[in-house]
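Enquirer: Spelled out, the chains give:
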Amino acid sequence: MNIELLAENILRKRSIKGVREAAKEIGVSSATLSRVENKKVPDLDTFSKICAWLGEDPSIYLGLTEIKPTPRVRVHFKKESAITPASAKALSEMILLAQKAILTDNNIEG
Amino acid sequence: MFKRGFKSWCERFATDKRQELGLSSSDPLDARLLAENLGIKVWTPHDVPGLTQEHLNILLHNDGKTASDWSAVTLIVEDIKLVILNSSHSLGRQSSDLMHELSHLILDHQSQEMNASSEGVLMLSAYEKDQEDEADWLSGCLLLPREALVSIMKQRLDLTIAASDFRVSMSMLKYRMSMTGVARQYTY
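Listed in order, the protein sequences are those of chains A and B.
Using the numbering used here, the letters of the first sequence correspond one by one to residues 1 to 110.
Using the numbering used here, the letters of the second sequence correspond one by one to residues 1001 to 1188.
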């Protein structure tokens, strides 16, 4: 879990509100909220309540959106031919650009 | 050495695909038509958005003596499959290369992961030889199924014209004739 990000977002949303007032809105004790703000990992119930209060998808703290599609790439070379560094670099560029185009076309990229 | 039944499966697959595409079992099969049927995109470097002219020149450098050193790139991103062909090669060569790449995808061979660095693509160890052999065999069947070879021999077609019709090289045609035993069964 990205506890740093969770703590940061709680503090930003709480702003000038006191811990007690924010905790009341969330539905947890002020001690519990304080612990999370101090980067202690909350239990599932508290985590759910905090995410609901923040209006955010829990998955962003669980690293789920950080998973990018990994391309599987196969490159076939002319038999008995050694690839030049210039070709390797150009192929690399082509593969990365093609991957980007596929992701954009299919809105896979977040 | 192939798994038992692999060669028969390839012949059946080649026949079934032709039927599905409205072709007879001895008709030439366009690799691009098969790619479309399989939902696989086919590009050349010219189709890659943002590729610089400098890189295009390197990738497609072919002076007729030292053809550029890559044949095809297959990219699999999520469920999207894309084959980029080296368009500096002859149409026959491209057709053969595309069929080879499609065969790897049909056989669900695991491809290498790419490691990109600022120095270029770091290629991992060579593709499994067994898988290369399987893809070679399946692509040969797809391009020239046994029934097509028999038909060529029965009609006493000129082999150069037959190779051109099926978009294969003469050496591929002769190889398939030999490996399937058709050359021994039918003599001009």
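Calculated directly from the structure, the hints in this document are not laboratory data.
Certain hints may be false.
[Unchecked claim] Straight-line C-alpha distance at most 25 Å; calculated DSS-like pairs for lysine-lysine:
| hint | chain 1 | residue 1 | chain 2 | residue 2 |
| --- | --- | --- | --- | --- |
| 1 | A | Lys89 | A | Lys100 |
| 2 | B | Lys1174 | A | Lys89 |
| 3 | B | Lys1007 | A | Lys100 |
| 4 | A | Lys89 | B | Lys1007 |
| 5 | B | Lys1154 | B | Lys1129 |
| 6 | A | Lys100 | B | Lys1081 |
| 7 | A | Lys39 | A | Lys17 |
| 8 | A | Lys24 | A | Lys40 |
| 9 | B | Lys1017 | B | Lys1007 |
| 10 | B | Lys1041 | B | Lys1174 |
| 11 | B | Lys1003 | B | Lys1154 |
Enquirer: Hints first: check each against the structure and report whether it holds.
Expert: Hints, verified against the model:
no.: 1; hint: A/Lys89 / A/Lys100; verdict: holds (17 Å)
no.: 2; hint: B/Lys1174 / A/Lys89; verdict: violated (37 Å)
no.: 3; hint: B/Lys1007 / A/Lys100; verdict: violated (38 Å)
no.: 4; hint: A/Lys89 / B/Lys1007; verdict: violated (38 Å)
no.: 5; hint: B/Lys1154 / B/Lys1129; verdict: violated (35 Å)
no.: 6; hint: A/Lys100 / B/Lys1081; verdict: holds (13 Å)
no.: 7; hint: A/Lys39 / A/Lys17; verdict: holds (19 Å)
no.: 8; hint: A/Lys24 / A/Lys40; verdict: holds (19 Å)
no.: 9; hint: B/Lys1017 / B/Lys1007; verdict: holds (15 Å)
no.: 10; hint: B/Lys1041 / B/Lys1174; verdict: violated (30 Å)
no.: 11; hint: B/Lys1003 / B/Lys1154; verdict: violated (31 Å)
Against the hints set out earlier in the document, violations occur for numbers 2, 3, 4, 5, 10, 11.
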